[in-house]
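So the sequence shown is numbered by my numbering: it starts at 457 and just counts up by one.
Keep in mind the hints are simulated off the structure, nothing from the lab. Beta carbons are placed, not taken as given, at the ideal position from N, Cα and C, and that holds for glycine. Some hints could be false.
Beta-carbon label-pair distances, calculated as ranges [what the hints assert, rightly or not]: (1) GLU703 with ALA481: 25 to 35 Å; (2) PRO657 with GLN712: 18 to 28 Å; (3) PRO540 with ALA782: 21 to 31 Å; (4) ASP767 with LEU788: 17 to 27 Å; (5) GLN712 with THR653: 27 to 37 Å.
Derived lysine-lysine pairs resembling BS3-like cross-links, with alpha carbons at most 30 Å apart [unchecked claim]: (6) LYS550 with LYS649; (7) LYS488 with LYS780; (8) LYS550 with LYS778; (9) LYS488 with LYS789; (10) LYS778 with LYS560; (11) LYS649 with LYS560; (12) LYS488 with LYS778; (13) LYS560 with LYS670; (14) LYS670 with LYS649; (15) LYS670 with LYS780; (16) LYS789 with LYS778; (17) LYS550 with LYS560; (18) LYS649 with LYS663; (19) LYS663 with LYS778; (20) LYS560 with LYS488; (21) LYS670 with LYS778; (22) LYS670 with LYS488; (23) LYS550 with LYS663.
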Amino acid sequence: MLRCATEIDMPTATIFTCAGPELTADETAFFKEVQPFGFILFADNIETPEQVRNLTDSMRECVGREDAPVLLDQEGGRVARLQPPQWRATLPAKRYGDLALTDKTAALRATWINGRLLAAELYELGINVDCAPVLDLSIPGAHDVIGDRSFGADPALVIELARAFSEGLMSGGVLAMIKHVPGHGRAMADSHKELPTVDLPRAELEKTDFAPFKGLADVPLAMTAHILFPQIDPERPATTSPIVISEIVRGYIGYQGLIVSDDVTMAALSGSDRVRAETTREAGCDVVLHCYAELEQMREIAIGSGEMESDSIARWTAAQQKVKDAPINADLKALAQEHSELMEGANT
457 MLRCATEIDM PTATIFTCAG PELTADETAF FKEVQPFGFI LFADNIETPE
507 QVRNLTDSMR ECVGREDAPV LLDQEGGRVA RLQPPQWRAT LPAKRYGDLA
557 LTDKTAALRA TWINGRLLAA ELYELGINVD CAPVLDLSIP GAHDVIGDRS
607 FGADPALVIE LARAFSEGLM SGGVLAMIKH VPGHGRAMAD SHKELPTVDL
657 PRAELEKTDF APFKGLADVP LAMTAHILFP QIDPERPATT SPIVISEIVR
707 GYIGYQGLIV SDDVTMAALS GSDRVRAETT REAGCDVVLH CYAELEQMRE
757 IAIGSGEMES DSIARWTAAQ QKVKDAPINA DLKALAQEHS ELMEGANT
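Build out the structure end to end from the sequences listed, making use of the hints.
Below, the structure written as C-alpha cells:
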C-alpha cells in the first residue's frame, strides 16, 4: 500500500531523475534504498502518455509514497517537455505578456486557461508539480536564458499573469512552482554555464526583481536562482546563501512554502556533488534538485542532502492542501477553443 510522507520515516531531501523512459533495475534498487523525496522528468523520459504514467507510478512505488512529487518543466514555448503530436503545442509566457499590453482582460483569461489545460495533461500523467511560472523580469540587454520565458518587464503585470497561470494550474490539480527566486531575469550570463552576478543595491532589487516573488509569496513551491547578489552576500549565490534564503526569501519576500534548489549540477555552483548538496541545505533550501541520472553522483547528493526536516514535510503537506479539491471539472475542449480565440490578438 502506498502511503504519504507523514506516515513513514523521513525521505532524503532530494529530487532525482532517471536515464530513460522506464526505471532500470539499478535505478529501482537505488531509489528504494535512498528514498528520495521526489522525482523530475525530462525529454529522455517521455515517449507516450501511457509510458509516462507507468513511469510516474513506478517512481512512487519505489519510495512507497502516493504523494511523492513528480516534477516537469512545462512552461510553454521553448521550455516544454511535452511536445506535439502527443501533446498540445504551447506558447511562451511573453506571448501572454504582449497581449496584456493591449488587452489585459483577455491576457489574464488566456493565461488562466493555459494553466488549466496544462494541468489536465500533467494530471493524467501522474505529474503533480509544474516547474512554472517564471517570475523573472524581462530586462533589456540581459542574457536570453530567460528571454521569452518571462511575462514581461513590469513587476505588477508579471504578478497578475503569473497568478492567473498558477490558479489555472492548481484548479487542475497540479501545484505551481514559482522560479527563480529571488530573481534571474537581470542576469548577464546563463547559470547552466557560469555564475551570473547581479550587482545592484537591495533597495533597487526590492522594487524590481524581488517584487513578483513578494506578490506571489503564497504559491506553495519555489525554485531558487543560482545568482550572486554581491551587495547582499558577496561570497555565495542565492541557492547556497543563508543570507539570501533567510533574510530575502523567507524574510523580505515572506515566502513560507517549500524551497527547492535549481539543479545543483549547473556550472554556477562549485565544489563536489556532496558539498553542493550540503551547502544548499545549510543555506535553508528544503530540497536539493539533481538533474543528472548518474547513480554515483546521486548517492553523493543524497549523503550531502540528508533527511527531510519535519518543517519541510509540513510545507509539502500544506502545499497539497492547495489542490485537495482539484481537479475541478472543466470543459477542456471549450477552454482550448476559447484560448485559441483569445490568443488571436497576440498573433497579429
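Now for the hints, and whether the structure bears them out:
1. GLU703 with ALA481: 25 to 35 Å: violated (46 Å)
2. PRO657 with GLN712: 18 to 28 Å: With Cβ atoms ~26 Å apart, the hint holds.
3. PRO540 with ALA782: 21 to 31 Å: holds (26 Å)
4. ASP767 with LEU788: 17 to 27 Å: Given range 17 to 27 Å: violated, Cβ gap about 37 Å.
5. GLN712 with THR653: 27 to 37 Å: holds (28 Å)
6. LYS550 with LYS649: Cα-Cα ~24 Å, so holds.
7. LYS488 with LYS780: holds (27 Å)
8. LYS550 with LYS778: Holds, because 27 Å separates the two Cα atoms, which is no more than 30 Å.
9. LYS488 with LYS789: violated (40 Å)
10. LYS778 with LYS560: holds (26 Å)
11. LYS649 with LYS560: violated (36 Å)
12. LYS488 with LYS778: Distance ~28 Å between LYS488 and LYS778 Cα, so the pair holds.
13. LYS560 with LYS670: holds (21 Å)
14. LYS670 with LYS649: It holds: about 28 Å lies between the C-alpha atoms, which stays within 30 Å.
15. LYS670 with LYS780: holds (24 Å)
16. LYS789 with LYS778: OK: LYS789 and LYS778 at ~25 Å, within 30 Å.
17. LYS550 with LYS560: holds (13 Å)
18. LYS649 with LYS663: Holds, because 28 Å separates the two Cα atoms, which is no more than 30 Å.
19. LYS663 with LYS778: holds (28 Å)
20. LYS560 with LYS488: Since the Cα atoms of LYS560 and LYS488 sit roughly 48 Å apart, the hinted pair is violated (cutoff 30 Å).
21. LYS670 with LYS778: holds (19 Å)
22. LYS670 with LYS488: violated (38 Å)
23. LYS550 with LYS663: holds (21 Å)
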